[in-house]
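Participant: Chain residues, written in single-letter form:
There are 2 protein chains.
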Amino acid sequence: MKKIAITGVSGFVAGHFLDYLYNNNIECEVLGLDRDTPKMDLSKYGDIIKIHFSVIDLMDKSMLRSIFLDFRPEYVLHLAAFSSVAYSWKYPSESFTNNSNIFLNLIEVIREVVPSCRVLSVGSSEEYGNVSQEDLPLREDQPIKPISPYAVARVSQELMSKVYVKAYGMQVILTRSFNHIGPRQDDRFVVPSFINRIIDIKKAGKTEGVIETGDTTIIRDFVDVRDVVRAYYMLLMEGTPGEIYNICSGKGVKLIDLIEIISKTVGVKIQTKVNTELIRPDDNKEIVGSPYKIETEIGWNSEIELKDTIKDMILERLG
Amino acid sequence: MKKIAITGVSGFVAGHFLDYLYNNNIECEVLGLDRDTPKMDLSKYGDIIKIHFSVIDLMDKSMLRSIFLDFRPEYVLHLAAFSSVAYSWKYPSESFTNNSNIFLNLIEVIREVVPSCRVLSVGSSEEYGNVSQEDLPLREDQPIKPISPYAVARVSQELMSKVYVKAYGMQVILTRSFNHIGPRQDDRFVVPSFINRIIDIKKAGKTEGVIETGDTTIIRDFVDVRDVVRAYYMLLMEGTPGEIYNICSGKGVKLIDLIEIISKTVGVKIQTKVNTELIRPDDNKEIVGSPYKIETEIGWNSEIELKDTIKDMILERLG
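If you read the protein sequences in the order shown, they are chains Y and V. Here the working numbering is used: the first residue of the first sequence is 1, the next is one more, and so on. Here the working numbering is used: the first residue of the second sequence is 1, the next is one more, and so on.
By construction, these hints were calculated from the structure, which means they are not laboratory data. Hints should not be assumed to be uniformly reliable.
Because identical chains share one entry, a pair is satisfied inside a single copy or across any pair of copies.
[As the list claims (entries may be wrong)] The calculated lysine-lysine pairs, modelled on DSS-like cross-linking and capped at a C-alpha distance of 30 Å, are: (1) Lys293 <-> Lys269; (2) Lys166 <-> Lys251; (3) Lys90 <-> Lys273; (4) Lys285 <-> Lys251; (5) Lys202 <-> Lys61; (6) Lys254 <-> Lys202; (7) Lys273 <-> Lys166; (8) Lys39 <-> Lys273; (9) Lys269 <-> Lys285; (10) Lys307 <-> Lys203; (11) Lys50 <-> Lys39; (12) Lys293 <-> Lys145; (13) Lys44 <-> Lys285; (14) Lys206 <-> Lys145; (15) Lys166 <-> Lys145; (16) Lys166 <-> Lys61; (17) Lys269 <-> Lys145; (18) Lys311 <-> Lys206.
Generate the whole structure from the sequences, applying the supplied hints.
Facilitator: Take a look at the structure:
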């Protein structure tokens, strides 16, 4: 029975990862780590997944060491992170050091306790930075030019992982995950926030309304979280240590078009009003990835269409 | 009168930087910051440089803030660092976080207190990593592949600096400094360590001897610290924010040939014996830089020949 440790287990992605294990009858023992107790009911996985849970701040290296000495994971899915780009603009230094420190504590404890453990280090499409049109879709060997403190932290984690793989023979597999969306995503993120405000207009009995946005002309590559967790599982099992894999749909969608899909599905007419305070300094205009490497080397494809993801996200809110 | 703050003022490079200011009659006010009291006599600069000194651990951001609120530097030369690659292999996580944290504290305090201050962020040739022969001599736009925890920290600092320049309009100028050597360098570094052991053999009255070394086939680009500090001053004054400048001689020297120069100058015959414990995991085979950018854009050239540097280092020990 596989022994998998998951950091950030109380978060959005981890819940879907557990669902994936459960739905695919992957019997395993899971050690969930998080600062916060999971909101979801962990007992529901009981007949397939044996789940342990520990409240831990990953800044506490000695506690992590004793937990790992006890559990001895064979796989680690490292999801814990301060993953908000907006937060990183407000608190660049805190965002950077927290992300770096928790990763370094984790990798050092693994090196010491379970050096042959396979680790999935989750990175971000933000690492690519401000790229020009002819670089799209982005490939993993593209030169990277990170333009936010969050992105720099992610690049550092990637570079550090490569050092650990090359110098210490560790088994760290790397992703650059593009914008993932789906049911149960935190309301602070951009797509749930759009959906909530558009549903509110509908619930107020109106047929049209206005929402405040940042720059709606930016283009992103959205991928359903349920596709993402399948990629994470496949990479944990079969990814090559030291290699980076884009996890993306390969399709670029303008935020204004995404709003259009939401408003059509909800059934209201929406106008957007740009609030300049919501525009991030020096944001990327367009990020679209190439899933070619993971498709050809691992056999993963994104399967869920954006409109279906949006529909599921609206449905969970309506009832 | 220019107001210059220097972090790591008690170190090897800072002492030479102060000498440079003094020898060139550059009247200025200097705030020196360090965890350790300088060993050199600061009063000797008295008629040209007005020096203040504060003992500070740069991890203490609030203390740094109050010092900068008081001094309000126009220039910051950031030399403080855990700059040992060997230490970074022993304590990868500590090396990385300490270097990152002190840089982030510094840059955040500058952003808050003196945002238009010009900052020289000192990086390292180690950032280039393991490059192939056809990439030599290394140019600043060369893709970088750092292979030590120390090098990753330096790359992170560089990437973070670019974010601060682009997003916040700060004036951070970047270097990739190659191996600098010269009088007063700490004995733990490779060249002083060779010189000391070879002089010891001479002092013991022998005409030949054996020294233990790591890999003596590696090739490095050595540049005299007195040339380096001149480059730092020129870049502080005239470098373009966000731009990276190699500081190097452009000439590669094999460690075994360096040992040969030392032993000839000292006048003893030396055999080397490789101690595998002194070989670093995954070290770079060859690092030689191109000084083309700083030569053409800033007008700096390395002037002191390696044999003269070595002679000066031997003389300070004998005399």
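Participant: For every hint, state whether the structure bears it out.
Facilitator: Outcome of the hint check:
| no. | hint | in the structure |
| --- | --- | --- |
| 1 | Lys293 <-> Lys269 | neither (40 Å within a copy, 56 Å between copies) |
| 2 | Lys166 <-> Lys251 | between (33 Å within a copy, 28 Å between copies) |
| 3 | Lys90 <-> Lys273 | within (23 Å within a copy, 54 Å between copies) |
| 4 | Lys285 <-> Lys251 | within (15 Å within a copy, 42 Å between copies) |
| 5 | Lys202 <-> Lys61 | neither (48 Å within a copy, 49 Å between copies) |
| 6 | Lys254 <-> Lys202 | within (23 Å within a copy, 74 Å between copies) |
| 7 | Lys273 <-> Lys166 | between (50 Å within a copy, 27 Å between copies) |
| 8 | Lys39 <-> Lys273 | neither (34 Å within a copy, 62 Å between copies) |
| 9 | Lys269 <-> Lys285 | within (26 Å within a copy, 64 Å between copies) |
| 10 | Lys307 <-> Lys203 | within (21 Å within a copy, 81 Å between copies) |
| 11 | Lys50 <-> Lys39 | within (18 Å within a copy, 61 Å between copies) |
| 12 | Lys293 <-> Lys145 | both (21 Å within a copy, 20 Å between copies) |
| 13 | Lys44 <-> Lys285 | neither (42 Å within a copy, 55 Å between copies) |
| 14 | Lys206 <-> Lys145 | neither (44 Å within a copy, 56 Å between copies) |
| 15 | Lys166 <-> Lys145 | both (23 Å within a copy, 12 Å between copies) |
| 16 | Lys166 <-> Lys61 | within (23 Å within a copy, 35 Å between copies) |
| 17 | Lys269 <-> Lys145 | neither (38 Å within a copy, 50 Å between copies) |
| 18 | Lys311 <-> Lys206 | within (20 Å within a copy, 85 Å between copies) |
Consistency with the previously given hints fails for numbers 1, 5, 8, 13, 14, 17, ordered from lowest to highest.
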